[in-house]
Amino acid sequence: MARYALRIGALGYLAALLGAPVVLVGWRAFEDGIDAFLTAITTPEALHALWLTLIIAAIAVPANTVFGVLCALSIARRRFRGHGLVNTLVDLPLALSPVVVGLALFLVYGRNGWFGEALIDNGVRVIFALPGMVLATIFISLPFVVREVVPVLREIGDEQEQAASTLGASSWQTFWRITLPAIRWGVAYGVVLTTARAIGEFGAVSVVSGRIAGRTETMTLHVEERFQSFDLVGAYAASLVLALIAVATLVAINLLRPKEEER
Amino acid sequence: MSSVAVTTTAARRRRGGNGLALGISLGYLSVIVLLPLAAVLLRSLEGGVAAFWDAVTSPQAVSSLRLTFVASVLVVLINAVAGTAIAWVLVRDRFRGKSVVNAVIDLPFALPTIVAGLTLLALYGPRGPIGVNVAYTQLAVVLALLFVTLPFVVRTVQPVLLELDPDMEEAAISLGASRAAVFRRVVFPNLLPAILSGCALSFARAIGEFGAVVLISGNIPFKTEVASVYVFGQIESDDVGAAAAVSVVLLVTSFVVLALIGALRRWATRHDG
Amino acid sequence: MIEARNITKHYGEFVALDDVSVHVEKGSLTALLGPSGSGKSTLLRVIAGLEVPDSGAVCIAGRDATMLAPQQRGVGFVFQHYAAFKHMTVRKNVAFGLEIRKRPKAEVRARVDELLDLVQLSGFADRYPAQLSGGQRQRMALARALAVEPEVLLLDEPFGALDARVRKELRAWLRRLHDEVHVTTIFVTHDQEEAMDLADQIVVMSHGQVEQVGRPRELYDNPANEFVMTFVGEVNQLGERFVRPHDVEFGDGDEATVERVVHLGFEVRVELRLANGEELWAQVTREEAERLELTEGAHVRVRPRRAKVFG
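Residue numbers (this note's numbering), protein chains in the order written: chain U, 4 to 266; chain S, 24 to 296; chain H, 2 to 312.
Hints in this document: simulated from the structure, not taken from any laboratory. Since the model is a prediction, treat every value here as computed from it, not as a measurement. Any given hint could turn out to be false.
[Unchecked claim] So the derived label-pair ranges between C-beta atoms look like this:
| hint | chain 1 | residue 1 | chain 2 | residue 2 | range |
| --- | --- | --- | --- | --- | --- |
| 1 | S | W76 | U | R81 | 37 to 45 Å |
| 2 | S | V96 | H | R177 | 37 to 45 Å |
| 3 | S | D116 | H | A70 | 20 to 28 Å |
| 4 | U | F233 | S | F118 | 24 to 32 Å |
| 5 | U | G85 | S | A203 | 42 to 50 Å |
| 6 | H | G13 | S | F118 | 16 to 24 Å |
| 7 | H | A70 | S | I243 | 52 to 60 Å |
| 8 | S | P82 | U | F233 | 26 to 34 Å |
[Unchecked claim] Which chain S residues face chain U? A few, computed with CB under 7 Å, are given here:
| hint | residue |
| --- | --- |
| 9 | L45 |
| 10 | A133 |
| 11 | L184 |
| 12 | A204 |
| 13 | V205 |
| 14 | L214 |
[What the hints assert, rightly or not] To be clear about the criterion: a stretch of chain U counts as covered by chain S if any three or more of its residues have a C-beta under 8 Å from a C-beta of chain S, and this derived list gives those stretches:
| hint | stretch |
| --- | --- |
| 15 | 127 to 135 |
| 16 | 212 to 219 |
Backbone N, C-alpha and C define an ideal beta-carbon position, used for all residues, glycine too.
Chain U on its own, in the form it takes in the complex:
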């Protein structure tokens, strides 16, 4: 009896909190008909927002992947001085408010920031332009590849790599032929999480982008802008696109999730 009550309670909670709202997005997006939806999705601003989102992700995700693998190797393979500091720094983006991240970048690269004048003198705009948004996205999506690869590296141990080196392989060969194939599913899972986070970023890019429609708006900023302009269909339409990407991410997450969690 208690089992059914618990099940109903838990599922009801989930339906009310997660399920219902998401279903509603789909419904609202098509409320004025399919034509209205398609129009909203294909405005120049919307298309630019989509393109910008993808460009940023295309830069941030590979950068964080390469860093993630290197950092994971450092953490997993040796205890070194500063081990704790690296761990904390890597975890920090998970615990920080994105607005604080935006502010931080603003203070370094903005007009009155540390590098602000030097950059402007050289004609480089970071804040209110693409580079700033990329930096913000890299910051907030930084931890995921590291966090997923470290346990995999710890589990497989370094004996295979030692064997490879006794057989004459250089560190690059060892890495490419032995280490990388062993961690590939951890990396894949981390990449999926990183991409989802990067595409979904709102707070940090909100601060650093200046939110100039058609110029420095990502999909998420576009949703807010449409909402503030009372274009609800536009807002829901863009949201639906993002929600569909999220569902695809969910599927990928569950296919790639480390199998120890399943029994």
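Take the given structure of chain U and dock chains S and H to it, following the hints.
For chains S and H alone, kept in the frame of chain U given last:
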């Protein structure tokens, strides 16, 4: 880990390579993370400690911080119970569609926060289909935070529940314990570190949340404005010092929470062999 | 004192127990012996109340326990992998059953001390299970089960997770404990040597059914069927006949060639091939082997004594 010392040239080269990886990682982290955060800290103290204190204790700042912390604590308490219950149902119960439900738990991880806020507004706002309207209230803040922090307790408790030795519970039953006593004395103590970890993660996430809150709460100063929205407002009105000061409060809280999670992890494994 | 009557249990299509009936005397040490899948663990768990049978009845000390929850049966259960409460000290583990029953603190403390002394873990009271060896953990589990003075002690392959030497030590130790405490005990094992060593009565099971019940000597000397004879003790099969290796006599009888002589300390194992091609092995003492001058290739004559044939 093997303790074999491999001292060939290849090994030395590999250690050198490791040093390179470490160097690159540290450099990347310094530029991307450390540098900007240092800038926030320094900017907050630019006018001296007095200016910092004034900024942090201004009525609007205090109000936003209080709302943020109270709402986050409330959300954490709800999550502790709901998250554990959901994890229990996912691990111990069997029903059709369970794997779909399990997948859906990650939705708040995958969905952009602004979309989450919009959908909550669509359902529980003024034009919502079920007639409930909590938009522009403090309840809305709690609702938004519940959405984005849902997965944390569930996902930290699940693996521990899966690993739990079922023999322990049967032993307790054979020794005369009722089901409630088994949960209280055997299962719960073993779940507690995971629950607390999940709570700490939820808390850290909740105090910084921006996108999910910004639409449904209305951001009314002194009423429904959370700390992150306050900081955003201060940046827009060019009071960067005040923004930095409140940011530091949030930063320090995050650091403390992270340290707590680390300590919890060590405490959780204290009984392991 | 413990009666299981006509117990049947299915798991889907799989028949774990098929109309099994077992009687256990008060104060005895009974073994449920059989290979994996024989149903012995299932039967033990049915007696404990951890499994509910599809049909049949369980009586404990004269009371019908079939519908009773495990908490109400007065059984102590010891698991193969100890089931230690890893978040509690040894003392708290052993005290658990008493604390559940809300006994006064002083009484609990005294009883725990008494039991820790009994299982020789007195110095370990404040350690955690992770800090104990496997053998120590199992002794703790026994103390824990005995703390509430159960009517019957049930052990599910209690030494299965331990290595060979520890297993033998604990076996002897359990026998001494039983002599001292006299709790009706039922234990499950797949190790026939263990069953023969420890038990007053052995219940041999296979495929969910009882093959034979009896004292160890009984089962060894008068096995009821082929399964019991081959499972309990070593055996040679010659066509329809089953012969114990130590019942193979040298001197008169069929012609055979010695293929191999293996010296196993005191015993010598002689592998033979009969003229008709059949193979068997004989167990002799060292003196006999020397006296008979058994070497590889030697031609001998052997006669199987006390051969059994089953219908």
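Against the structure, the hints come out as follows:
{"no.": "1", "hint": "W76(S) to R81(U): 37 to 45 Å", "in the structure": "holds, 43 Å"}
{"no.": "2", "hint": "V96(S) to R177(H): 37 to 45 Å", "in the structure": "violated, 58 Å"}
{"no.": "3", "hint": "D116(S) to A70(H): 20 to 28 Å", "in the structure": "holds, 21 Å"}
{"no.": "4", "hint": "F233(U) to F118(S): 24 to 32 Å", "in the structure": "violated, 43 Å"}
{"no.": "5", "hint": "G85(U) to A203(S): 42 to 50 Å", "in the structure": "holds, 48 Å"}
{"no.": "6", "hint": "G13(H) to F118(S): 16 to 24 Å", "in the structure": "holds, 19 Å"}
{"no.": "7", "hint": "A70(H) to I243(S): 52 to 60 Å", "in the structure": "holds, 56 Å"}
{"no.": "8", "hint": "P82(S) to F233(U): 26 to 34 Å", "in the structure": "holds, 32 Å"}
{"no.": "9", "hint": "L45", "in the structure": "holds, 4 Å"}
{"no.": "10", "hint": "A133", "in the structure": "holds, 4 Å"}
{"no.": "11", "hint": "L184", "in the structure": "violated, 10 Å"}
{"no.": "12", "hint": "A204", "in the structure": "violated, 14 Å"}
{"no.": "13", "hint": "V205", "in the structure": "violated, 13 Å"}
{"no.": "14", "hint": "L214", "in the structure": "violated, 15 Å"}
{"no.": "15", "hint": "127 to 135", "in the structure": "violated (count 0)"}
{"no.": "16", "hint": "212 to 219", "in the structure": "violated (count 0)"}
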